[in-house]
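**Q** Based on the provided sequences and hints, a complete structural model is requested.
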Amino acid sequence: AQKITQTQPGMFVQEKEAVTLDCTYDTSDPSYGLFWYKQPSSGEMIFLIYQGSYDQQNATEGRYSLNFQKARKSANLVISASQLGDSAMYFCAMREGQRRSQGNLIFGKGTKLSVKP
Amino acid sequence: NAGVTQTPKFQVLKTGQSMTLQCAQDMNHEYMSWYRQDPGMGLRLIHYSVGAGITDQGEVPNGYNVSRSTTEDFPLRLLSAAPSQTSVYFCASSYSPDGPNYGYTFGSGTRLTVV
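Residue numbers (the working numbering), protein chains in the order written: chain U, 1 to 117; chain R, 1001 to 1115.
What the hints contain is simulated information worked out from the structure, not anything from laboratory work.
Every value quoted in this text rests on a predicted model; they were computed, and no experiment measured them.
Since no wrong hints were added, every one of them can be taken at face value.
When the alpha-carbon atoms are kept at most 30 Å apart in a straight line, the in silico DSSO-like pairs for lysine-lysine are as follows:
id, chain 1, residue 1, chain 2, residue 2
1, U, K73, U, K3
2, U, K70, U, K112
3, U, K109, R, K1014
4, U, K109, U, K16
5, U, K3, U, K112
6, R, K1009, U, K112
7, U, K109, R, K1009
8, U, K70, U, K3
9, U, K16, U, K73
**A** Listed below in structure tokens is the structure:
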């Protein structure tokens, strides 16, 4: 079973509008972290936002926010006021566990976001 | 600039050739890993290391070897390249105390084509 599921292979959004990218996860570990990365066409992986399983509030970083619904095991990325530069591939990832040896990131398959002018 | 440095950026190999992808970080990160990225597959873990002298396999380790003789370096060796190893390879490192709340710093990637 997939541990990270991104059900939207591709999405379009109009410039200046908000967009939500979906991510669901599967883990039995009570301690985990959820990450979103952006990969523009140039190929680098850019860290956007982090949410810990024990965090009481949803994470926010500028125009990015994470809609964390723990009971539903979802961690959707919300981008407000989309810009043309937001066109990229977006990956949701999870890191499980408290022990140092459990530090691997598990990635979803990604969502390609295209922002229309 | 501090970060993760991968070399080369591009490489074409013939089937059966061997090569080493280099990865170096200068952030004193204990945790290092190699991922491969294929279209529609996301990033999949090849090998990882929790410190010098310690390595372990990830999801797709076949055909690859790693070693970690120093904290800074984590090279990935392709023993006998196959067309199925055509991919983009990312090296990543992380500061990793106990707890999941540290993400990775990624290198810029190596685009490998095996013909």
